[in-house]
Amino acid sequence: DSGVTQTPKHLITATGQRVTLRCSPRSGDLSVYWYQQSLDQGLQFLIQYYNGEERAKGNILERFSAQQFPDLHSELNLSSLELGDSALYFCASSVGGAGGNEKLFFGSGTQLSVL
Amino acid sequence: AQSVTQLDSQVPVFEEAPVELRCNYSSSVSVYLFWYVQYPNQGLQLLLKYLSGSTLVKGINGFEAEFNKSQTSFHLRKPSVHISDTAEYFCAVSKGGGSYIPTFGRGTSLIVHP
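Chains A and B, in that order, are what the protein sequence lines are. Just so you know, we're using this note's numbering here: the first sequence kicks off at 1 and counts up by one. Just so you know, we're using this note's numbering here: the second sequence kicks off at 1 and counts up by one.
Just so you know, these hints were derived from the structure itself, not from any lab.
Calculated cross-link-like contacts (lysine-lysine; reagent style DSSO-like; alpha-carbon spacing at most 30 Å):
hint, chain 1, residue 1, chain 2, residue 2
1, B, Lys49, A, Lys9
2, B, Lys69, B, Lys95
3, A, Lys57, B, Lys95
4, B, Lys95, B, Lys58
Construct the complete structure from the given sequences, taking the supplied hints into account.
Take a look at the structure:
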């Protein structure tokens, strides 16, 4: 058990809808990272938050947004969903935010299916 | 920009045989390198990492990797695999090109046959 909790584990929705994925980092970790894993793109970095503030941005679509709350949990919001958004979404956490040498702890992921 | 290439998408091997999973990275500056493992229906977990110093890095579950700067490689090895090693293995690089966010390869599926 990594200590990172993601909910829900599975999500099935229709095109055009909006969903929210939730992540609780390990106790004491200040950074949260969101990754998207799909068969054709592999593991793609979306966005990082550190202690409530956006720290780094990757290949995140404008239809997607995220935030980190004062209790350090994070939510990833996906809107106007398309079939191509179907993927496994991972949240990871780390103690710090910008060293690059840190171990990431991953949650078990949220499997999103857009029908 | 930094990038990672895992040359094999799938590596089948028999139990107790040795295995090598290949990883090459692209960066013009010094990097940090990682191997993560993903078991079915689980998130990724760190196997080992190279930050500096000795080029041979030992990790958990008997795995080791060797950093080769001249060949920009970080291959993962295990002298004798078990059925339980069947999983997806990801190589990752950070710090290269100024990005401190880990960039992951496409993954290599290790399939251990009895």
